[in-house]
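Engineer: From first to last, the protein sequence lines stand for chains E and B. For reference, each letter of the first sequence is one residue, going 1 to 315 in the working numbering. For reference, each letter of the second sequence is one residue, going 1 to 315 in the working numbering.
All clues stand as given, with none of them false.
Each pair may be met inside one copy or between any two copies, as identical chains are not told apart.
Cut-off 27 Å, straight-line C-alpha distance, at most; resulting in silico cross-link-like pairs (BS3-like, lysine-lysine):
#, residue 1, residue 2
1, 203, 124
2, 124, 90
3, 203, 64
4, 90, 47
5, 124, 310
Since the hints were derived computationally from the structure, they do not count as laboratory data. Quick caveat, the model's predicted, so the values are computed rather than measured.
Number of protein chains: 2
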Amino acid sequence: MIQKPLSATAFAPATVGNVAVGFDVLGFSVGTVGDRVTVTRIPEAGKVSITHINDNIIPADPTKNTATAGLVQLCSDLRLDFGFQVDIQKGIPIGSGMGGSAASAVAAAVAANAVLDEPLPREKLIKYALIGESVASGSMHADNVAPCLYGGLTIALEIGKDETPTIIQVPVPADIICVLVHPAIRVETREARAILKPELSLKNHVQQSALFAGFLAGCYGNNVSLIGQSLSDILIEPQRAHLIPGFHAVKKAAIEAGALGCSISGAGPSVFAWTSSRSVAENVRTAMVDQFMKANHHSVEAWISPVSPKGAYLL
Amino acid sequence: MIQKPLSATAFAPATVGNVAVGFDVLGFSVGTVGDRVTVTRIPEAGKVSITHINDNIIPADPTKNTATAGLVQLCSDLRLDFGFQVDIQKGIPIGSGMGGSAASAVAAAVAANAVLDEPLPREKLIKYALIGESVASGSMHADNVAPCLYGGLTIALEIGKDETPTIIQVPVPADIICVLVHPAIRVETREARAILKPELSLKNHVQQSALFAGFLAGCYGNNVSLIGQSLSDILIEPQRAHLIPGFHAVKKAAIEAGALGCSISGAGPSVFAWTSSRSVAENVRTAMVDQFMKANHHSVEAWISPVSPKGAYLL
Numbered sequence: 001m002i003q004k005p006l007s008a009t010a011f012a013p014a015t016v017g018n019v020a021v022g023f024d025v026l027g028f029s030v031g032t033v034g035d036r037v038t039v040t041r042i043p044e045a046g047k048v049s050i051t052h053i054n055d056n057i058i059p060a061d062p063t064k065n066t067a068t069a070g071l072v073q074l075c076s077d078l079r080l081d082f083g084f085q086v087d088i089q090k091g092i093p094i095g096s097g098m099g100g101s102a103a104s105a106v107a108a109a110v111a112a113n114a115v116l117d118e119p120l121p122r123e124k125l126i127k128y129a130l131i132g133e134s135v136a137s138g139s140m141h142a143d144n145v146a147p148c149l150y151g152g153l154t155i156a157l158e159i160g161k162d163e164t165p166t167i168i169q170v171p172v173p174a175d176i177i178c179v180l181v182h183p184a185i186r187v188e189t190r191e192a193r194a195i196l197k198p199e200l201s202l203k204n205h206v207q208q209s210a211l212f213a214g215f216l217a218g219c220y221g222n223n224v225s226l227i228g229q230s231l232s233d234i235l236i237e238p239q240r241a242h243l244i245p246g247f248h249a250v251k252k253a254a255i256e257a258g259a260l261g262c263s264i265s266g267a268g269p270s271v272f273a274w275t276s277s278r279s280v281a282e283n284v285r286t287a288m289v290d291q292f293m294k295a296n297h298h299s300v301e302a303w304i305s306p307v308s309p310k311g312a313y314l315l
Numbered sequence: 001m002i003q004k005p006l007s008a009t010a011f012a013p014a015t016v017g018n019v020a021v022g023f024d025v026l027g028f029s030v031g032t033v034g035d036r037v038t039v040t041r042i043p044e045a046g047k048v049s050i051t052h053i054n055d056n057i058i059p060a061d062p063t064k065n066t067a068t069a070g071l072v073q074l075c076s077d078l079r080l081d082f083g084f085q086v087d088i089q090k091g092i093p094i095g096s097g098m099g100g101s102a103a104s105a106v107a108a109a110v111a112a113n114a115v116l117d118e119p120l121p122r123e124k125l126i127k128y129a130l131i132g133e134s135v136a137s138g139s140m141h142a143d144n145v146a147p148c149l150y151g152g153l154t155i156a157l158e159i160g161k162d163e164t165p166t167i168i169q170v171p172v173p174a175d176i177i178c179v180l181v182h183p184a185i186r187v188e189t190r191e192a193r194a195i196l197k198p199e200l201s202l203k204n205h206v207q208q209s210a211l212f213a214g215f216l217a218g219c220y221g222n223n224v225s226l227i228g229q230s231l232s233d234i235l236i237e238p239q240r241a242h243l244i245p246g247f248h249a250v251k252k253a254a255i256e257a258g259a260l261g262c263s264i265s266g267a268g269p270s271v272f273a274w275t276s277s278r279s280v281a282e283n284v285r286t287a288m289v290d291q292f293m294k295a296n297h298h299s300v301e302a303w304i305s306p307v308s309p310k311g312a313y314l315l
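Just chain E, with the same shape it has in the complex (with noise of 0.2 Å):
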């Protein structure tokens, strides 16, 4: 009988959610940055603490933290006679809009799931990653969870009555670079989704939905240039783009760089761009650092990296 191990510290990657074209169903991975928890089992049955957090911020009651609602459920549905101590160390920056709340609650699972007695596949460890997540953005969607869990562009389609998501991974074109640029300012997620209009023109619909086709066509097709035409937000963009200081100037400055497209990473603040190739990719990020330096950002991190084709994975 193999003996498992009483603990496990798993890595999960930042990711890019909407990705401009597919608002809340399409995400992928930035493997370069990314949250780490360690779970180890404690005796007290379903009981899941947090021994410790590197950011004061995030709530320290297991139901309210992302990383820890989930494993809260995980118990109750396994009927553990154990339960969990919690470590996070948050790589990602919080309200950043990089996916930090999934990337915490994907970690949580894989690490749990990793001192089970029998762990789950990871298709049902969604489920409990999407509870974790759902506690800081006020609603289950996958947009997020499903590249941090399973890496790569991803859609995700809605969630069924099982509560899992069918997830269906994109190619990405060998060539596609990603720059992710990151000021340090925080936009709550609940707040930036609050603004939205709940309604939207049919044209505007028909005209997002094409760009989101065009795109997945370039994806499939390898087809760059198709890929540049159409990575566009008529829709969510605009009406969230004054909550990012210099965005505009942001974008512009991306796009007469050479990317592919520009546009709001998540919730934002940060802002990410496709480009086709790595030096692109440097000089795009220059012209975005800058922009935002000139918007009055007082720090600003970036970060350049391919679509990460790995999602979370054990250390």
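On the provided structure of chain E, position chain B as indicated by the hints.
Structural biologist: Only chain B this time, still in chain E's reference frame:
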């Protein structure tokens, strides 16, 4: 020097627009039925006249007829020192939702092009076909014209300033067999468009976008089951179903007989279904026709066909 023929005849296929998931964007070609247009050069510069139409409902005024409106523009754009005489053989029932106006416009453009001294490439013809189509539908969108001209399943991206939409051909799994059923009532495209609510909820937009994305992923990924999960219209179909007596029973019967999905073809009243084999398609056709007959349609036509890879062609 090659002597150009003074007369040419083109066949253009029926098409299913919208295809449940992609309102105004997606369409596919059904090669088993279509319109034929013969164009003959006449000496009068810029004159376009209709010599024969096998349906007296169609306008005989060349600027108002879908087949000829584009040719009037073609004469003007190219400053032709001759004109066209046009003979229209409608094979597609008028007001059927089977892309009849697109087919006449496309067939006319393809036939006229063949009698030019310097024929245009096919991508230049779409403009003239769209002019014809817009005469009938009241708006210029290429969800029928694109598959009619190029064949297959197509995405039509927004029409740019050059009046030429970007058209993308989407692969269709080889197993897919389409059923198209036409009850003998007429639905005017303009009216079917006028009843649509000008706005929709963001929630419905997200849900319909995800279905469109899932459908495209199913087509590109040769995943028939994913197509079945996604081929669904939560947006337009509920608003137009009442225009087609028996629609709900027809759809239910199609699904129960094994269809992957079933929805309104274009603006209706025709209804299409996708199936995963010819034998299922035959059962689905029988079930759909039976239900239309029960709904007191005095005449019902039905076709079974793969998605035709062939667009309009010269005879």
